[in-house]
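Using the sequences and the accompanying hints, generate a full structural model.
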Amino acid sequence: MRGPSLWFDEADPGLPIKFGPASNGEYDPQPLSPVLSTVIREARAECDLTADRLGMDRRRFLKTAMASAITLFFLDRYTRLASAQEPGGCFVIPRDSMIDRLAADACLGGDDFIMDVQGHLLEYDLDPATRHRRFWGDQFPQVNCGDDDPRACFSMTHFMEEIFLRSDTSMVVLSGLPIHPEGSPLSMEVMAETRRVALGLARDDRVLLHAQMLPHLSHPWAGHEAMEQTVADHSIAGWKTFTHFTDPANGNHFFLDDHDLSAPQVGRSFIEKSLELGIRIICVHKGLSGGSRWASPVDIGPVARDYPEMNFVVYHCGFETAITEGPYTEATRNRGVNRFISSLRDAGVGPGSNVYGELGSIWWFLMRTPTEAAHVLGKLLVQLGEDRILWGTDSIFYGTPQDQIQAMRAFQITRAFQDQYGYPALDGLRKRKIFGLNAAALYGVEPRKRGFSFTPAEMTEIRETFPDGNHTWGPRNPAEMAQFHDLHRGWP
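The numbering used here numbers the first residue of the sequence shown as 9 and each following residue consecutively.
It is worth saying that the hints were derived from the structure and are not from the lab.
All residues carry an ideal CB built from backbone N, CA and C; glycine is no exception.
There may be inaccurate statements among the hints.
Label-pair restraints from in silico Cβ distances [what the hints assert, rightly or not]: (1) 91 <-> 286: 27 to 33 Å; (2) 300 <-> 45: 44 to 50 Å; (3) 45 <-> 428: 29 to 35 Å; (4) 88 <-> 40: 16 to 22 Å.
Spelled out as C-alpha cells, the structure:
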C-alpha cells in the first residue's frame, strides 16, 4: 500500500527524459548545467502547451513518447545553440513526433530485443519492528516512493516494475554489488528468487544472474571453495568483481593480471578457477571510482591476451565523470575511456576479441552531452567492434531505463565526426546489436522481444497509467553522496 510521499507528485511525474541530478552511488551527482536547466524549462512549457492542444491530461501526456520527443528535441536544440562548433552527436527528432503519438512511437519506440546486462535491486527484511532503523537507502530520494516501509522502494517488486513494465527491456542480468554476502540485500538467494518470480510472470527465463566474487578478501567465502559452492548451488551466467573494493581487514585491492606485486596475487588464479568450473564470463567494474588506480582498466588487455577462452565484460569502460571525453590521442591515452583502449592496444587485442564494453551509467551520464557521447561510442565501436558493446543501465538507481532506451534510439554520430575520426554510423543494425543481440550471443540466449506477453498497446497503456512518476533513484547532490559513503563506504 502506498503512503504519503515527500517528493512524489501524483499530478506531475516530471519529464520522461530524466537529467537528475542523480548518481548510482559511484560518483558525485553533477549539478544541472545552464543548458540543461534551459532544456528542462522549455521542454516543460512545450509539454504543457501540447497537452492542452491535444486535450490530454498533463500527467498522462508526460508519460507518452511525445513528451520524450519534445525533451530530446530541446536537448538537441540548446546543445547546438550553446556550442561554438557543431556537436558531434545529435538527436534526430521529427517535428510530428512531438504532437502525434504514432509518429513518436515510430521515432522512439521499436520491437528491438533489449538485454540489460547490469541491473540491481535491494531486498530488505521488511520486519515492522526494524522499519525505522537506519539503512543504506536512507541516503536515496526513493525512500519517499510512497510505500509504507521505505526499504520496499528498492525491492524486487519495484525492480520488476521499472525494468519490465515501464521500459522496453526484454531480459536483464542481475549483477552483484561489492558488499559482504551475509545478510546482503542483493545476495545470491535474493537474485535467485527474483529470477524465479520473473519466470513465473513471463513464463520463460528473462533474468540471468552474476555471482559476486571478491577473491582478494580475507574471508573463506572469497576463495576457490566458495566459487565451487556457488556454481553448485546456483545457475549463474558469470562473475562480477570489483578490483578496487577495499578489504576492510587489511586495505588490500587487486588486479586481474597480478602486475602489482604489492597486492594479493589472486587475479589469474580467479580466472583459471572460473575456467575450470566452466564459467566463461567475468564482469569487472572499471572506472567510476573517484580516480582509484585500482579501478583502472590497465589489467584488461593482458588478461584478455593471456586467456582467450575467457570473456571479459568491462563495466563502465574506464569512464570517470571528472574527465571530459574526446578523441583517442597519445596525449590522452591514460584518461577516462582511453585507458581502456590503451590497455587493449598495448596488448594487441583488437576488434571482435574476447573483451566487451558495457554502457551502464556511461550512457545515462553522457546522453546530455552529445559530443562526448559521440566520442565514447565512436571510440568503442572502433576499438571493440560493433559486436562487442553491451547495453547496461545500472537500474534501479536511475529509475526506469526507458528514457535511456529512447535517447539511444534517437541518437546519431554526425557525419562530420564519422569523417574526421573514422567513427562508424550508429545505424539500425548497430543499435540492435548494442541493445541486445550482442549480449544474446555472449550469454547464449534466445533474443525474445518482450519481457512479458503484453501487446505494445497494452504496454503503453500500463506505462502511461502507472502510479509512479518519471524520477531517478540515486543520490542527487554531493551531500547525499557524502552521507551515502559515510554510512557504508558507498555500499549497503
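Checked hints:
Between residue 91 and residue 286 the C-beta distance comes to about 50 Å, which lies outside the given range of 27 to 33 Å. In this structure, residue 300 and residue 45 break the distance hint of 44 to 50 Å, their C-beta atoms being roughly 31 Å apart. At about 30 Å, the CB distance of residue 45 to residue 428 agrees with the hint of 29 to 35 Å. Between residue 88 and residue 40, the C-beta spacing of about 18 Å keeps the proposed range 16 to 22 Å intact.
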